[in-house]
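K.L.:
Below, each chain spelled out in residue letters.
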Amino acid sequence: MTKRLIFLAIAVISLTIATAQERIIFLNEGNWNSDDGQVSLIEGSTITNKWFQQQNPKKKIGDTPNDIIHLRDNLIAICVNTSNIIQYITADGKDCGATENVPNNRKMASDGSYLYVTSYAHTTALGEKYTKGYVAKINIDTKEVVKTCEVGYEPEGIALYNGKLFVANSGGYAVTENHSHETTVSVVDAETMQKITDIDTECINLFGSMAQYGKYLCINSAGNYESIGPKTIILNCDDYSFVTYDFASTISCSHNGKFYCIGTNFSQITYSYDICPRTIDPESGIVSDGIGIGNIDSDIKKMKTPYDMYFNPYTGFIYVSDANEYQSAGYVYQYNESGVLQNKFKAYLQPAHFLALPPSGTGIRNTMSDVMDDAFYNLHGVRTTNPAKGQIYIYKGKKVVY
Amino acid sequence: MVTEIVIDTLLSLSNVVVTAPKISQTPYQELKGEQLQLVSTTTVADALKYFAGVQIKDYGGLGGVKTVNVRSMGAQHVGVFIDGIRITNAQNGQVDLGKYSLTNMESVSLYNGNKTEMLQSASEYASASTVYLQTRQPQATGGNISYSNASFGTNRVQGHFDFRNIVSVDGEFCHSDGDYPFRYQSAYEDTTGIRRNSDITFFRIESSVFYKGFKGHLYHYSSERGIPGGVVRRLSDKFSNVAREWDNNTFAQLSKSVGFGKLATKFNLRYAYDYLNYNADYEENVSMHYNNHYTQQDVYASATASYPVIDNLSLSLSADGRWSDLVCDVAYFHYVYRIDLKSSFTARYSLKGANFSGTLLYTDVSDHTTKKADPLRRLTGMIHGSYTLGKFQMRCFWKSIFRAPTLNDLYYVQVGNRNLKPEYAKQLNIGADYTLMGSIFGTKIQLDAYYNRIEDRIVALPLKGTTNWTMLNFGKTRCYGLNGTLQLLYTTKNVSIDLLNTASFQDDRNRTDKESDAYNDLIPYSPKFSCSSVLSAQYRGWSGALSFMYVGKRYWLNENDLGDPLKAYTNLDLKISKTIRNFLISAEVNDICDNGYELIQRYPMPSRNFRFTIKYFFKNKAL
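Those sequence lines, one after another, are chains U and B. 13 is the number of the first residue of the first sequence in our numbering; add one for each residue after it. 8 is the number of the first residue of the second sequence in our numbering; add one for each residue after it.
For reference, chain U alone in the conformation it holds in the complex:
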């Protein structure tokens, strides 16, 4: 009996510690053109909305924050899309500079020295005029654009692998712009910013964020919302081979060697939404229904508008956001690594784009090292089984060059 109690006490304490390690920043996209984007912070089981405003009096983040990335120790970048700003903040949310001249910025990747940003715009800070979209390379020290490379129309997701950038082109607004949807992933040399090749996926409109796990990318093809349905592409960045699946992965993230996706299809027959969470093993190509962790699947099915999903690479905690009815507050569901709901946080409009901060506090850091064993995480916080030479990884809570 006493043993049991001790065990229970330890379990409770370790759970408390695990919760205390949680430090997550996420973005609330807000109502487009209303200048009401917000940055929120989750620490353990408390949420602080309007965190950026609170940490920076008389400042707002701007209109439609779209992506967030950890650059290095105490530096985080946020794409504020409609405001044309890349906002840099410290880990405690303080404004520490901004890059203005990458208009219509979308998604980011970084190697710790440079930041790579996709942009829908045609003009660059260096004076180039492109027909299509481009990727800008920003020196993190000077926060200046140093090079650019034209890719396809409306480039979306971007990932860095082995010194190469993989850029998913959407052409997704072709319904009004006078060009067709894109089907390509552009491969760009990150060092020289020269395009190496375009991989034709034969799937149109590579729209939305993409997930990365080692050499694999999970890319969503949104279709044309009419005759051509959505698809999912798993791309191997080593040999450019890819596998195509007949379902959407509107939301995707990766953890422990697997891609977790949520696809939503709108059925013209039943006039209802069909929300399908799935797990893809990129090595074997096997797809299984559901996320398969705790109660997450049934919770997702109950959500009004599943909007993003994220695994905390340091703790394994899982976050799923629900944008709800779009004009009322979204919610963030926090699960522990076994999928047990810990908290349901009320956020602002359209919560998405999560970033875990390395756990702070010595005691916790020790625990973390134990928890993490010898795992390497890339700068997206994705656990990597085959770290590449010369790349920067998070190892035992610190950035290291492998």
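To give a feel for the contact side, a few chain U residues facing chain B, derived at Cβ under 7 Å:
1. Asp-47
2. Gly-74
3. Ser-340
Simulated from the structure, these hints should not be mistaken for laboratory data. Beta carbons are placed, not taken as given, at the ideal position from N, Cα and C, and that holds for glycine.
Chain U is fixed; fit chain B onto it per the hints.
P.N.:
Positioned in the frame of chain U, the structure of chain B alone reads:
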């Protein structure tokens, strides 16, 4: 009974048409003649904002889209009629009131529900509220020409010519730079700036013909304007959302009333051509680059007959047919035309002071395109009753009507949803008015209480888990409110004073989903309280109007508490004119207190601004 009391102050003016007192069984407000010209107004929207129960949506500046929303039911539930024929927009169902000038208007009136005259077309029953714009009929040969200069680089030349009591021609050319200053101050920002890309240049010419029972109207409007977008955080002016819009709106319409003994008939014909080019394909534009052209045509015909069967009972029948089409160069969009047939049957019974009428309206809307929606066929009804006792009238009405999904709602690429149901508006109104007109003093009081419900609201929502929007029938609202007007008049030989006060209280709530955080919250942009006062006076050659307006705070998100509401605002305008020989000189200042305010979140309105006008009359002294 609502009499044309406004007229009384104007009997000395040659061009005012004194119409016979009407009995309206629905609440009715009007600005007309001299008073319409006295208040500081440039567009129809400026006049309507003084009416009880009206909310104007205005994206700011001369070029910002201006729509009217009555009792919070939404702009698409307001039918706007010019000389008795409805202005439509098959594409989005909205009428931009900024395109209609007041210089040529005799009156602007608003009916909750609809007018209750016998001889009206089926279309006049087919909206939740109706706004009538009445062109001035010429009285004698003459004309005027005017020039005005206003803040923000605004110059306007306008001319008007009347030939006998048959033809009038009115034309206008205007350019405004529009770069007006704005400021936002809150706990989170202190932003000052200049509203860039808000210029407009427009040209309007129209002509009306009145001849032997025929009324004809030709109208042409063309414009080029900047579309500035919402004010969002920027680090500098380096990048902007550059979009430009070109419009061309042209229509020709004809109506004729004929009597055959006791049988009264009326025929309407209309052709309209609307062209819109929206271009965002500019190098400095950082958003989407596209350049789309939209062309709409509309052909409309109606016939109405009314017959007094017995002394107390009149019957009326009307049949309307409308053909509209839409051509646009958006990819995946297919050509579509719509046939909208309406027929109405109305019976009215009068006994002493009591009046009852009931209308049945049958609507049949069918579209012709690939993958078209099913035809929409609905029967709707409305009942009106009133009782008049001396100067006192009581009235009530119940009306159920819908708005059909627009072509955009149904077919617009990515967004359209062919399975949409119509959006219903159901209204109940009980009210009373009291009118006392003496030779010097006059009083008119109106008070109406109402309850309305909107069902199956058509809204755009993002597809679950995607960034794409789709149109859905989502939501119910219920609203109750109170509208009151008090008008005081004082008229002597040399002086006339008119004080018009309105007040509106309403409580409009979201009743969509009990589980939702937004349940029972106030509907965005519906103030709980608003009021206005317009004091206009004429003394010898002087005339002036002081207009005051208060609008309470408004939420802009479904879940009210999430965002800071738009602040309550007061607005004070003054206009003074003096007639010297053949010249009329006016000076006006709008937003005297320089309050600055927004009607749409992040779309600031121009703050204090000035305008000077000089007008020369030749031949007769027209307005």
